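Sequence order for the protein chains is X and H. All residue numbers for the first sequence refer to our numbering, where the first residue is 26 and numbers rise by one. All residue numbers for the second sequence refer to our numbering, where the first residue is 171 and numbers rise by one.
Read the hints as simulated data drawn from the structure, not as lab findings. Each hint should be verified, as a subset may be incorrect.
[What the hints assert, rightly or not] Derived coverage of chain X by chain H (criterion: at least 3 residues anywhere in the stretch with Cβ under 8 angstroms from a Cβ of chain H; other residues may be distant): (1) 92-98; (2) 109-116.
[To be verified] FRET-style restraints, in silico, Cβ to Cβ: (3) X:Gly54 to H:Glu356: 56 to 62 angstroms; (4) X:Phe257 to H:Lys475: 45 to 51 angstroms; (5) X:Asp242 to H:Ala308: 23 to 29 angstroms; (6) H:Ala308 to X:Ile135: 23 to 29 angstroms; (7) H:Val495 to X:Lys76: 45 to 51 angstroms; (8) X:Pro56 to H:Pro402: 45 to 51 angstroms; (9) X:Thr282 to H:Ala241: 49 to 55 angstroms; (10) X:Gly54 to H:Lys409: 54 to 60 angstroms; (11) X:Glu176 to H:Ala302: 37 to 43 angstroms; (12) X:Val95 to H:Ala308: 52 to 58 angstroms; (13) X:Thr209 to H:Pro300: 17 to 23 angstroms.
A quick note: this is a predicted structure, and the numbers were derived from the prediction, not measured. Even glycine gets a Cβ: it sits at the ideal position worked out from N, Cα and C.
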Amino acid sequence: MKIVVCVKQVPDTTEVKLDPKTNTLIRDGVPSIINPDDKAGIEAALELKEKLNDGSTVTIVSMGPPQADVALREALAMGADEAYLLSDRKFGGSDTYATSTIVAAGVKKIGFDIVITGRQAIDGDTAQVGPQIAEHLGVPQVSYAEDINVEGNKVIVKRKYEDREHILELPIPCLITALSELATPRYMSVKGVMDAYRAKEVKVLTFEDLKDMFNPDYIGLKGSPTNVFKSFPKQAKGKGEFYPDLSADEAVNTIVTKLEEKHII
Amino acid sequence: MSKDVFVFVEQRDGAIAKVGIELIGEATRLAAKLNEKVVAVLLGSGIKNKANMCIEYGADKVVVVDAPELAEYLTDPYARAIETVIKKYDPEIFIYGATSIGRDLAPRVSARIHTGLTADCTGLDIQPDPKAEDPSKAQLLLYMTRPAFGGNLMATIICRDYRPQMATVRPGVMQALDKDTSRKGEIEEVKVEFKPEDSRVKIRQILKEEKKSADITEAKVLVSGGRGIGGPQGFGILKDCAKVLGGEISSSRACVDAGWIEKDRQVGQTGKTVRPDLYMACGISGAIQHLAGMEQSNYIVAINKNDTAPIFDVADLGIVGDLKVIVPKLTEAIKKVKASKEVKKD
């Protein structure tokens, strides 16, 4: 079985701070990481491969600039068998529709039985690319997977949503989006890191390699149905009363008085 | 010619989700600016009797697809039904709740229809196309505003060339209209021809949580814990406090990631957006992703040892101190106040 995991390299948004003077993002020195939900997807794919133990493989696919090579090497170091970077200036500026068009073309070109994507990326938070890839590939999707198993030629997925869980049976091929709760990613081993840089390679697929797999009018900035009209920093809410050095009893009295004033108690 | 503002009204087990009613309310404001109508789209099995409720809350028309295939949410039959509705009516705008269902369904539909979709919006507006040469003749577009970059930035997105313009909208953000039983509207039933590939995914089992876990978005008071509570046992003292306040406990992402509490109590960018009357942040430093989910709360109290914690920037009342000492004392003090008020009532 060929398991393909789609990953995105993202800035670690938990490290992003706002410049209090200019109210703009400080992006310098913010580390790039594999998106957490995607990393759980990689782990789930590796565990599935180990459990099946039938020659199944794990292939990682990412769309991004050449720097995304690092993220793919990390996935290889975790134990993935192959990695592909879909990279071309023509892909730049893609919205989720255009991105999914390109990634689906790459996945189709590489071949797949099960595709796993993270539920959503922490920079865009859209959760749209996974289901859109599934539609472009013409395969069924299941979002928010907490557990994946293979039984014969069926994939059994437990998915969580709102007040319930579904245990679903999917045919192969299919696409599954992973919650970060799906699996706790393993660390890279020393040997894994050596292999990732010496024995394994990251294959790059460009526009030329993929142009027969999609409509060239549907990719990149021009092929994106949505456009960013403007972006702006969020208005910060004003600071209220602040007590840096009350005793515990004073603090309690202050809170109780306020809650009474506000008719909360 | 595309027209009207369509709203996907989500139901589970025949109960209409609150977000659907909120979106109908928002759609009436958008439709007024376009001089068009609000159409609610209701999918399910044995669901026809709920159509009138959509009208009472502001829909001019309700399109109902009632089919056994739609009893429980599955992507393929739902996407087929929405595709059928879009092809039949050619909507100008189609909005969905940014719920588990909406965020699974809408992208699938957008890829099939080939149109744009903006995720998790917190603001919608109708304005002329900014690129039009003559603004008076400009087409009116849907301006969709959403948080990006973990809530650090807001982005306004437009979809100029494809219809419907589609967005998912965060629950709890838009205002529902008051129910008005005198409102009149049309109800139309649409038949959908399902295809064999719509039943590729089969449900083996549906597990519902025995005790319906508390919905933190409905709570009037939330006592919320962060990394500073020190461990899963830290929620014990918060629970006691929440109990006397008639509220629920919630959490920052750190505690969920550490396995101290269930994910459905997480507040923030990747959790839930809440706006209770009182949000008490205990040992929460206030990462921007967390603030994004709670800063609309009516009154925010923050207790934290670190006097530079960003949570203090949004707190109405900020207390520097040890929550493990303060919160139990607070619980007792609130009990006393409440008891004294009970006596006065008698």
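task = Kindly indicate which numbered hints from before are broken by the structure, ordering the numbers from low to high.
result = Going through the list in order, the structure violates hints 1, 2, 4, 6, 8, 10, 11, 12, 13 and respects the others.
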